[in-house]
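Read top to bottom, the protein sequences are chains A and B. Counting with numbering that gives the first Met the number 0, you get residues 0 to 410 for the letters of the first sequence. Counting with numbering that gives the first Met the number 0, you get residues 0 to 410 for the letters of the second sequence.
Take these hints with a grain of salt, some might be off.
To be verified - Partial selection, computed: residues in chain A whose CB lies under 10 Å from chain B:
hint : residue
1    : T219
2    : A242
3    : L268
4    : T323
If you're looking for bench data, these hints aren't it; they were derived computationally from the structure. Note that the structure is predicted; figures quoted are calculated from it, not measured. Backbone N, C-alpha and C fix where the C-beta goes; we use that ideal spot for every residue, glycine too.
Number of protein chains: 2
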Amino acid sequence: MKGRFLMLRVNGQRLWDNLNEMGRIGAGERGRTRLAFTDEDLEARRLLVRWMEELGLEVHTDPYANIWGLRAGREELPPIVVGSHIDTVREAGMFDGVLGVLSGLEAVRALNEAGVSTRRPVAVISFSDEEGGRFSAGTMTGSRLMAGCIQLEELAEKRDQRGVSWLEALERSGFTGSSSILRPHAYLEYHIEQGPVLCDKGARIGVVEGVVNLSWMRFTFYGQANHAGAFPMERRRDAGLAASSATVALNRLAFELGAGTVITSGQALQEPNLPNIVPGRAVLTVDLRSFKEEVFASGLARAEAVVEEEAARHGVEVSVELLTRLEGAVFAREMTELVERTAGALDLSSWRMPSGAGHDAQIMSRLCPTAMIFCPSEEGRSHCPEEFTSQEDAVAGADVLLNCLLELAED
Amino acid sequence: MKGRFLMLRVNGQRLWDNLNEMGRIGAGERGRTRLAFTDEDLEARRLLVRWMEELGLEVHTDPYANIWGLRAGREELPPIVVGSHIDTVREAGMFDGVLGVLSGLEAVRALNEAGVSTRRPVAVISFSDEEGGRFSAGTMTGSRLMAGCIQLEELAEKRDQRGVSWLEALERSGFTGSSSILRPHAYLEYHIEQGPVLCDKGARIGVVEGVVNLSWMRFTFYGQANHAGAFPMERRRDAGLAASSATVALNRLAFELGAGTVITSGQALQEPNLPNIVPGRAVLTVDLRSFKEEVFASGLARAEAVVEEEAARHGVEVSVELLTRLEGAVFAREMTELVERTAGALDLSSWRMPSGAGHDAQIMSRLCPTAMIFCPSEEGRSHCPEEFTSQEDAVAGADVLLNCLLELAED
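This is chain A alone, in the form it adopts within the complex:
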């Protein structure tokens, strides 16, 4: 590609302005909140559709309210799809997901302005309910529906705190369509890293080799609540202490497993949770992620063993539930090599890495060759108002997306 004559650039200021405009939708005291199918999400969707139409894209919605903006190719072939999502977590930053969708629009704009026609059609997609913060339906619901990993019927009983189900919210949204699903030729997702690796490495572009495997377990520790003064140390069965020991041991395990494996005891509760009572019961969630399948499998087994050992050491019973297991993805080599090569052609330093966060791309990789492009997240902050990527970095990733798209669309 170094020798390719055409290297396009997006209009960086326009991308930045659009990010800010979208970022005002759902804005509150802290950040912005656009949970799936809420008024705020629907307002953002309407703005996206308007922008798509202004670009001359043919807007489709599929039965899952995923929004497609189609730019015809010279031939009627499966399209190259780029995108991400515009729903957010609570009190979010303005980059997560949105950057990928709006960069897709900017790429189309750049093609339009340069008068470029592509062999294959190009589609910009925005997936429904990627974040999963409203319903108990999990994350990446729009892409999982599209890929057939789940069926709509399963969402009839996935409700929000007010009792509205995913299915009802979908129907009320007005964004359902009957378009037959377009099978993509390839999928490319541009996203913020949400971690500090690119900053640490001083790289501008993350070449994402895949998405880690993920497991959520919940451990419940059954000890005995006792008087904190009258009950001697050596007689206690302290469920809180057992959970704390487990947390410490699991942290050690993550380092032992290595290979980028992360283990997080994110949620911890104990009962009765009073200063002068030895905790009788404790609950701990364990989030374990690893890219390499064999490390992941051994990590899961060792995590359970470690927790059981710590519980036993403190005379406490423990039970475990599997809350979630999400298979990761290994992206197609030709796709990651394209991203790496394109970054190089644009004189942007790059770094190969798996994604520790889940993304629609890992679902799409079941349907077609897929890759992701990361740009740096300042201090690795994400899912909070402090989430930040500089305009320069945000635009650099969009340029990579645009030029990858150009090459793929001629494939």
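Once you've looked at the hints, dock chain B against the given chain A.
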């Protein structure tokens, strides 16, 4: 005393029946609840006053609603005071506090029935709000007021969840009196152990040598909330992990300090407390108790150091607040020896021990020679409906109380 001609016994069945009758007041689905100055507490107080009057006691209430039942002596001297409290924690057992007050009444009944007159007057006392579960006023409020450790004015702003202050509740109770405080000649409190030591030692009577020193600290850990997938282990500042490490280290410290020292991390909270976010903030309360003053002092200093070390190890800031510090008490040797000797004379095995729980006796020990008698708590359970002492054990302690009282009242 072995040679003393008169060894009286209480009527064990009557004591047991009265315990059960009092235990029905405030009974709910789980145990009974008689928080200070609630309708349930007032109903229990009325029953107590009726029982006192039936015994011919002269009932006084002091300005703090502590209830005194006075039996005249042959001489007008400072009285021997026995008692405890009849308020309870939420969902309590029927022994904590109540056993001491009702055993005092049984002792008086035994004196009456045996036609014994004593040189000194005898008083049975029930202290107000020993448990402290309703207001934010702390524990042992009735005895602390009586001993002048706190003043009534300080309670004007100590409110319950509905905004009623301690002072308002006191006034509405109708149990305030103007009687001048009687300075006791000695105070003796009979109570359940609330721990497993007597059962473990196979002893029927605990000879309580004093009450442990107590400190409550609250540590707040300031780390950084981050994405559980995208943020590498070595870059984290996990506040929950720091708190867990502190809990483990504090537990180890308790064993290192020895001398019966107990350390409890009873209350632990972390934020945002979500499975997929590295905890950014955590709070931990630490309850540290030790009988020996020098062990207590060194324990407090080492606990703070240990927590700071664990926080630093995980790159987390920590701050500490002192929530409570309660000086313990060392009981008068002649009083503990009296209890031990009396148990022996009644052929009851005994065990010397400090109390790990706080009691009105530790406050009373500032006013006069004081001691406590413990009876076994099955499995050490207390402050829960499962709290249990067998009738045989409950009665044995009451016999010790009665015969100690007999000797003290001739002093």
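Results of checking the hints against the structure:
Interface hint status for T219(A): violated, as the beta-carbon distance to the closest one in chain B is roughly 14 Å, over 10 Å. The restraint placing A242(A) at the interface with chain B holds, with a minimum CB-CB distance near 8 Å, inside the 10 Å limit. Nearest Cβ of chain B to the Cβ of L268(A): about 8 Å, under the 10 Å cut. The hint holds. The restraint placing T323(A) at the interface with chain B holds, with a minimum CB-CB distance near 8 Å, inside the 10 Å limit.
Of the numbered hints given earlier, the model fails hint 1 alone.
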